[in-house]
Amino acid sequence: MNIRVSDISTNAVGRIGIERISISLGAGLDALEAVRDLDLEVSPGEFVCVLGPSGCGKSTLLGALAGHLPVMDGRLTVDGQLVGGPSPDRGIVFQQHTLFPWKRVRDNVAFGPKMRGVGRAERYRAADEILRLVGLAGFEQFYPSQLSGGMQQRVEIARVLINRPRVLLMDEPFGALDAQTRSMMQEVLLDVWTRIPTTTVFVTHDIEEALFLADRVIVMSARPGRVIDDIRLPFVRPRQSELVTESEFVRLKRQILDLLRHPDNPPPLARLSPLGVN
Amino acid sequence: MAAGRAVHWLPGARWFVRALSIFGCIALWQLASSLHLNLGVVTFRNVPPPNEVVQSAIVLLKSPKLMAHVGSSLWRVFAGYGAAVVFGIAFGFAIGRSRAASDLLLPPLELLRPIPAVAWIPLSILIFPSSEMSMIFITFLGALFPIILNTVHGVANVDRRLIASARSLGGTPAAILREIVLPGAAPSIVTGLAIGMGTSWFCLVTAEMISGQFGIGYYTWEAYTLQNYADIIVGMLVIGLLGMGSSWLLTTLGRYLMPWQRPVVTR
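Chains as they are written, first to last, in full-length UniProt numbering: chain A, 1 to 278; chain B, 1 to 267.
Take the hints with a grain of salt, since some may be wrong.
[Claimed, not checked] Quick list of simulated restraints, FRET-style, between CB atoms:
1. B:F78 / A:G149: 56 to 64 Å
2. B:H153 / A:A137: 51 to 59 Å
3. B:W15 / A:A137: 40 to 48 Å
4. B:H153 / A:L243: 47 to 55 Å
5. A:R125 / B:H153: 36 to 44 Å
6. A:S145 / B:R99: 30 to 38 Å
7. A:A27 / B:G198: 19 to 27 Å
8. B:V17 / A:G135: 47 to 55 Å
9. B:R14 / A:G119: 48 to 56 Å
10. A:A137 / B:G24: 19 to 27 Å
11. A:D178 / B:R161: 18 to 26 Å
12. B:A90 / A:G80: 26 to 34 Å
13. A:Q96 / B:S21: 57 to 65 Å
Since the hints were made in silico from the structure, they are not lab data. Note that the structure is predicted; figures quoted are calculated from it, not measured. For glycine and all other residues, C-beta sits at the position ideal for the given N, C-alpha and C.
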């Protein structure tokens, strides 16, 4: 019902509709409300970064979008279809890679096509092509444990994008990397995103990362998470690393920093995961 | 030379010391048994010296008896252990993956688990009309529990993030079982297989000593009753070699089936 005629005619997919959703984690007395009455709409092809204090429910929101966590209340749709469970249409990348240790890089990336019943030659060809795109040509035969953290996340991104998902969900994917690798990975991601335009919801608590990557930054409050600001970024693409020193960038950074330091925001809570309470 | 205190031996020198150690033990044994050494608590009066053991071993190697004994022991381990592998892994998967199967299968298994397999020998002789079947049963029991428990452990501890990821990539339940749970549990299953192999041989030798007519355990016990004392030690050594061979087989199989465990850097 949310599909618009213009979407169909321009072949734009990946519209996310989040309507007054509430998500609870755990059961009984341990239950906690991670997200309450959240409203958000993401347009096809948009790159949205979600910022917020630790434990504000931003990862929980991502887990619900991926279909790993059930929504208690409200509606969650992608291109008008209710999110019912995990699907290759909604690819998710976690902070710690989830590559299959027993599969070589090529087989990890070809897992999605294999599940769709694509033949070996065809899926390997597709895997090698997308691995080249993320800069990993020559590493097809490696096992994940033989790669560095940054390379593992590139494989992870390739493995999700080979399914040509409607939306790409990323939960602090570069949070565990060192600063230098992280900034390199941000450029790799933007490069791939330009070649395979996909609606992206990227959760982070690094303000600079959000400002560098996104079309739009959503700032969430502490738990139960609500949207407290929605900022459209004026920066042109392609973006260079010099962007972080521009005055408008610095001004927005200070604005968000003040927002997150607001006295209404209580001290940080325990970190939540997109798969529920750990 | 570096400032460290460690002495850097030549690799050859280390092997020489190791060989010397084994040689020293044999020499002590030779000395103790040829002197009929009596230490009060333990006596070497009836212990044959190594040279006699070597002679007996050569005699056994040349006789057709060896193949008959080793052959029937190997067959029993193959049958009993093989059945334990099939049942153990199947039960382990069911218990580890399904709450219903766990409730149904686990209570009786937990009740039977503390009973050592060897304690089953009298009852199994009563249950099975042929002593062959009762020995195979004891071998089966010995291997069953370590294999079930390690399989359950492996299956239940597969990283749930990997399963979530596989579901997000379009994996069906059957595909996830085959492509994620099985390889994820494999290291633990192989550990169970190795432990099970050890207990399997232990139980078999005991069962053969009690009710066998052939088999390497029977051979060892027969040597004692016939007072061929050198043959006792030959039997012990053959049992040791068989155990070593089967655990080598398992390690090699494990390495072949799980190449990701010891990745070869191809750079």
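Hints, one by one, checked against the model:
For F78 (chain B) paired with G149 (chain A), a C-beta distance near 46 Å fails the hint of 56 to 64 Å. Separation of H153 (chain B) from A137 (chain A) is about 39 Å and departs from the stated range, judged on CB atoms against 51 to 59 Å. A hinted range of 40 to 48 Å for the beta carbons of W15 (chain B) and A137 (chain A) is consistent with their spacing of about 45 Å. Range check, H153 (chain B) to L243 (chain A): Cβ separation about 51 Å, and the 47 to 55 Å hint holds.
A beta carbon spacing of about 39 Å between R125 (chain A) and H153 (chain B) agrees with the range 36 to 44 Å that was offered as a hint. Taken as a hint, the range 30 to 38 Å holds for the pair S145 (chain A) and R99 (chain B), whose Cβ atoms sit roughly 33 Å apart. The hinted window of 19 to 27 Å between A27 (chain A) and G198 (chain B) is violated, with their beta carbons roughly 43 Å apart. Range check, V17 (chain B) to G135 (chain A): about 51 Å between beta-carbon atoms, so the 47 to 55 Å window is met.
The supplied range of 48 to 56 Å is met by R14 (chain B) and G119 (chain A), whose beta-carbon atoms lie about 53 Å from each other. At roughly 58 Å, the beta-carbon separation of A137 (chain A) and G24 (chain B) lies outside the given 19 to 27 Å, and the hint is violated. Roughly 22 Å separates the CB atoms of D178 (chain A) and R161 (chain B), a value that falls within the hinted 18 to 26 Å. For the pair A90 (chain B) and G80 (chain A), the beta carbons lie near 45 Å from each other, so the given range of 26 to 34 Å is not met.
As the Cβ distance of Q96 (chain A) to S21 (chain B) is approximately 46 Å, the hint placing it in 57 to 65 Å is violated.
Hints 1, 2, 7, 10, 12, 13 from the list above are not met by this structure, while the remaining hints are.
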